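There are 2 protein chains.
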Amino acid sequence: MAGDKLQLGNLDNMLGVELRIAQILADRLFASSPQLHMAPGHYTVLSLIELNPGINQSRLAQSMFLDRSSMVPILDQLEKKGWIERKRPLTDRRSYALHLTRVGRAALKLADQEVQGLEERIATEMGHNNRASLLTLIKQFQTALLKIQSSDRNQETANDNKH
Amino acid sequence: MAGDKLQLGNLDNMLGVELRIAQILADRLFASSPQLHMAPGHYTVLSLIELNPGINQSRLAQSMFLDRSSMVPILDQLEKKGWIERKRPLTDRRSYALHLTRVGRAALKLADQEVQGLEERIATEMGHNNRASLLTLIKQFQTALLKIQSSDRNQETANDNKH
DNA sequence: CTCAAACTGTTTGATATCCAACATAATTGG
DNA sequence: CCAATTATGTTGGATATCAAACAGTTTGAG
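For the record, the sequence lines run as chains P and R. Numbering-wise, the first sequence is residues 1 to 163 according to our numbering. Numbering-wise, the second sequence is residues 1 to 163 according to our numbering.
Honestly, the hints are just simulated from the structure, not real lab data. Keep in mind that the hints are not guaranteed to be accurate.
Pairs count within a copy or across copies, as identical chains cannot be separated in the list.
[Claimed, not checked] Below are the EDC-like pairs computed for lysine to aspartate or glutamate, each with C-alpha atoms no more than 20 Å apart in a straight line:
| id | residue 1 | residue 2 |
| --- | --- | --- |
| 1 | 81 | 112 |
| 2 | 147 | 120 |
| 3 | 147 | 125 |
| 4 | 5 | 18 |
| 5 | 139 | 18 |
| 6 | 139 | 119 |
| 7 | 5 | 50 |
| 8 | 80 | 50 |
| 9 | 147 | 27 |
| 10 | 87 | 76 |
| 11 | 109 | 12 |
| 12 | 109 | 120 |
| 13 | 147 | 119 |
Owing to the predicted nature of the structure, the values given are computational and were not obtained by experimental measurement.
All chains, full assembly: derive it from the sequences and hints.
The structure is reproduced here in structure tokens:
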């Protein structure tokens with residue numbers, strides 16, 4: 001029957017699994033917000049360019065933990081929409097200095113309001129204190145993952161040196 | 001300079017943004033775990049099939065919040081590796097009943113140990129209490145998102161009925 | 001100064017995912 | 001019982017992402 005409950009075993013006690021589901025649901029809510037005709041990643045990119053005008057593509061990618069090649073199609077789209085500009089700086093002709101256009105700034109301003117509204121609804125639904133705790137713990141989780149990863153990397157290189 | 005700190009504005013106070021980063025880092029750690037030659041999603045699929053032998057593809061997809069068409073290539077790979085079987089039930093010849101093979105069960109058992117080890121390292125790094133709180137809050141967050149989404153959907157259909 | 005190394009953006013090829021459309025099979029309303 | 005609807009798995013087209021390879025540019029060691 002459709003009503004049969006699935007056995008989940010230990011899965012719903014695993015951070016990775018629950019985190020992934022949360023991510024999917026959050027993206028889905030973002031995507032279905034009618035005023036936000038913009039992907040979550042695009043919103044982050046616009047914000048980062050506004051906050052750091054002239055930033056280049058590699059730094060932008062790095063700050064979002066994306067590969068720099070993944071940034072190319074994102075910026076292509078934003079450029080096609082007329083929201084950003086790529087300018088060649090005279091001092092380093094390999095890179096592009098990224099800037100918002102006037103239209104881009106306006107789009108971001110609207111999106112900011114929508115996102116703020118979503119965050120507010122979530123905070124109301126789950127409790128403002130809980131929301132704040134969650135944010136703090138997610139950051140501790142990030143820090144833990146980075147530490148483990150870097151200690152793994154050191155272990156590897158130590159083994160490499162052994163021969 | 002490379003050392004210049006990026007301005008983040010309000011971004012690092014947004015659940016969506018921080019959640020995405022946590023997800024990327026968690027996937028990266030999982031992927032770089034040498035014993036785990038298996039994607040995070042594949043691990044979840046194997047576990048769910050073991051816990052719910054005979055489950056069909058749509059239910060499996062639904063339980064992971066994926067589209068049922070996304071399950072097809074995942075199961076193709078697991079089948080090619082000889083870890084799962086698709087059996088046509090006599091009672092419903094549209095669907096497949098999914099089962100682990102003996103080899104699949106062995107692979108899952110190894111992965112279970114590896115995943116358990118990772119969770120343990122994370123718990124040690126961030127504190128066992130913090131890990132438990134994080135898990136609880138992520139689930140509250142999921143519940144909040146589902147509530148908001150369903151109330152949005154009701155709002156839409158109410159508007160549809162108005163005309 | 002010079003040339004090897006590193007950096008920047010891009011392209012290509014691979015995988016993951018969604019959505020819409022489809023074929024087959026099962027269910028249901030009349 | 002039959003026609004319409006629903007359910008299941010699949011395919012095809014779109015976007016997102018990574019990794020590796022590349023070309024142009026800059027930097028740095030000797």
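Problem - Structure versus earlier hints - violations, ascending order - result: none
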